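Those protein sequences? They're chains E and L, same order as listed.
End of the first sequence sits at 516 in the working numbering; the numbers just go up one at a time, nothing left out.
End of the second sequence sits at 1785 in the working numbering; the numbers just go up one at a time, nothing left out.
One should not assume that every hint holds.
Said to hold, decoys possible - Incomplete in silico selection of chain E near chain L, CB under 8 Å:
1. Gly199
2. Phe476
3. Gln486
To be verified - Restricting the straight-line Cα-Cα distance to at most 30 Å, the calculated cross-link-like pairs of lysine-lysine (BS3-like) are:
4. Lys272(E) - Lys357(E)
5. Lys270(E) - Lys369(E)
6. Lys180(E) - Lys157(E)
7. Lys157(E) - Lys179(E)
8. Lys1633(L) - Lys351(E)
9. Lys357(E) - Lys1633(L)
10. Lys157(E) - Lys423(E)
11. Lys179(E) - Lys155(E)
12. Lys272(E) - Lys1633(L)
It should be emphasised that the hints constitute simulated quantities derived from the structure, not laboratory data.
Just so it is clear, the structure is predicted and the values come from calculations on it, not from any experiment.
Quick reminder that beta carbons are idealized off the backbone N, C-alpha and C, glycines included.
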Amino acid sequence: MTTGIIRKVAAAGVVAALSVSLGACTKGGSSTTNQGTSANGTTELAMWTHNAGNEEELGAITAVVDDFNASQTKYKVNIQAFPQDSYNQSVVAAAASKKLPCILDTDGPNVPNWAWAGYLAPLEGLDETLGKFLPSTVGQYKDKNYSYGYYDVALAMFSRKSVLEKHDIRIPTVDQPWTQAEFDGALKKLKDSGEYAYPADLSTGFTGEWWPYAYSPMLQSFGGDLIDRTDFKSADGVLNGPEAVAWATWFRSLVANEWVAAKGGADSTKDFVNGKSAILYNGSWSAKDAREAFGDDLVVLPPPDLGHGPKIGGGSWQWAVSSSCSAPEGAMEYMKFAAQDKYVASVAEATRNIPATDAAADQVEAFKPGGENDIFRQFAKEFAVVRPETPGYPFIATEFTKTAQDIINGADPQQALDQAVLNIDANQQSNNYFE
Amino acid sequence: MPPAVTPDLAPAGNPRSRTTLGHQPVTVAWLMLVPAIVLMVTFLIIPIILTFGLAFTNARLISPEPARFIGLDNFTRLFSSPTFWRSLQNTVVFALVIVPVQSAIALGLALLINAKVRGVNFFRTVYFLPVVTSMVVVSMLWMFMYQPNGLINVLLAKIGIDGPDWLGDPRTALFAIIVLSIWQAVGMHMVIWLSGLQTIPGELYEAAALDGAGPWRQFLHVTWPGLRQTATFILITITIAAFSLFTQVNIMTQGGPLDATSTVVFQAVRTGFQQQQTGYASAISLVFFAIVLVVSLIQRYFTRDKEARR
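Assemble the whole structure, with the sequences as input and the hints as a guide.
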């Protein structure tokens, strides 16, 4: 009898719990998605962005949306901003409960994953427009465009003319970057001068996506890669081949020679500005602080050519349309409207990032040919490699991060890379190669 | 409600509840239980059952494909993963150090602040402060202190020791996390020991003193036997807390360097969320569940043995 009661209570508990959670979902859904048709025939489209807390970017995006809403009466786009830290989880949760907004922004490397998962719809009728965008600002999966971004960021080396000249180090250019020997030689000279505990700061103190973004281009410059991009089935031979082992051995040698710290400070730009390092490896976003500190003494250098030309990571935040949008034609209309050069220019200017099109770059002072930030645009055009366009990328990214960290801390290069290949291949295979 | 139920919940030895209030206590008892049961079922029982099921599938966090049953594949993969064995080893080492050291230090502190001297409340508060501070905050603070040029190495340099890069060196990283974990949690167990100490009647100490027992023999023959129940409680809670080591690792080292601080729970979270492998992460959680269950049963066996002997 007691068990009977317990069973009844347990059952009641489950029912109560379920109804509570279901209630919460319905409520959350209706209050956040904001889509549907209102009385006067205007279709409302919800739009999500990761920009809460980033006033400049949110302001620029809001201006685009306001222009779109004013330009016609059929559709009205409503912006909802999320903090970046919880944005991806929000999208995944919304997708699981079929509450995705019509328009949303995504981090470039996630696009294939979300496209494969069926969150995103391919962009129709934009091929010509997007042909003018920097390739790294357009998210593709299986030869279809799924997203575009207003800007890209570029990786670069920062140093000071006075420091390099004092130590008799050649200042490299886009046409003539440092070779591996020159780069190693420069670090050795700076180290031997005794002025720096660690002459170069490669921002090894950063965590997460920074590692594949910043260090897989070095691997690619050696001739390796994260995965074989012909069919995205296996990393064997590219992530553990002789080129990759050479990269790993070199990467470790930077730390073993005490040219680079295994774990740098939390803010590498600040350390550079304070003179703790002679060479900084970071994104184009560091330019502002560094330029304020050093003025004309600051030099922006391409990353070294480690065998196959300098490489930098490509792909930043981009806009996409969800597959569950109830008014896809409205969402597509917005995407077309928002892809105008003047909006590319205004958003890129507000965020101080590289404008995605040539025409937009002409409208932003700093990125005009000869402008102070034009060099980043040249890097993005010449050196950018997007992260592998496979839905397995998020997994590859975590494996690469762990492997690179292990290598820099002294793990055996061949063994560490073999293990990473084993894990990545197992993941690709267990998902039937995402076909 | 059938009357036959009553004896189960209201002991027959307590006639008052039956005669004056009838069946009401039973109803009230169930009503009071409902919130706890609902929460336990929703957030504990259902997830555990789901974990059991998911561990045998290839379920993923993001996927257009439905999960497929793949038998023991996840477990085969897990047991052949060097990271898993390293994580398990770290977890066990952490627990083996934390359990005796932390409970001993907590007991020492409790004995100190149980003394009747002026200002003892001040010390109680100070020792307890880390407990009410969030582990995230504590981890961030210690991360700064552990930096190669941080507070700890600056102090060590003053006495001529060249301190290591505590969190960056595979040989010192786990030790560094152990020290910070003890510092953070020791106050909690100090308070529990203290409550145990205060249940020991003062007459026992007086009697022991009259019989000529010094402080050490008083501790051995009066204090320690009086604390047996408290000791059992502390042993079990510290063990479980030690096995679920996660926050410090996640914030300070992310399992590195070279897996030196990876733990089973950290590996499960990393696999399930960052790597999106829900099925595989469930398998890790299931193994973890089994380990904690076995350890708890062993502890239960030993503590029950002691109770029977008394």
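Structure-based check of each hint:
no. : hint                   : verdict
1   : Gly199                 : holds, 5 Å
2   : Phe476                 : holds, 5 Å
3   : Gln486                 : holds, 5 Å
4   : Lys272(E) - Lys357(E)  : holds, 12 Å
5   : Lys270(E) - Lys369(E)  : holds, 28 Å
6   : Lys180(E) - Lys157(E)  : holds, 18 Å
7   : Lys157(E) - Lys179(E)  : holds, 21 Å
8   : Lys1633(L) - Lys351(E) : holds, 27 Å
9   : Lys357(E) - Lys1633(L) : holds, 23 Å
10  : Lys157(E) - Lys423(E)  : holds, 21 Å
11  : Lys179(E) - Lys155(E)  : holds, 24 Å
12  : Lys272(E) - Lys1633(L) : holds, 26 Å
When held up to the earlier numbered hints, the structure conflicts with none and fits them all.
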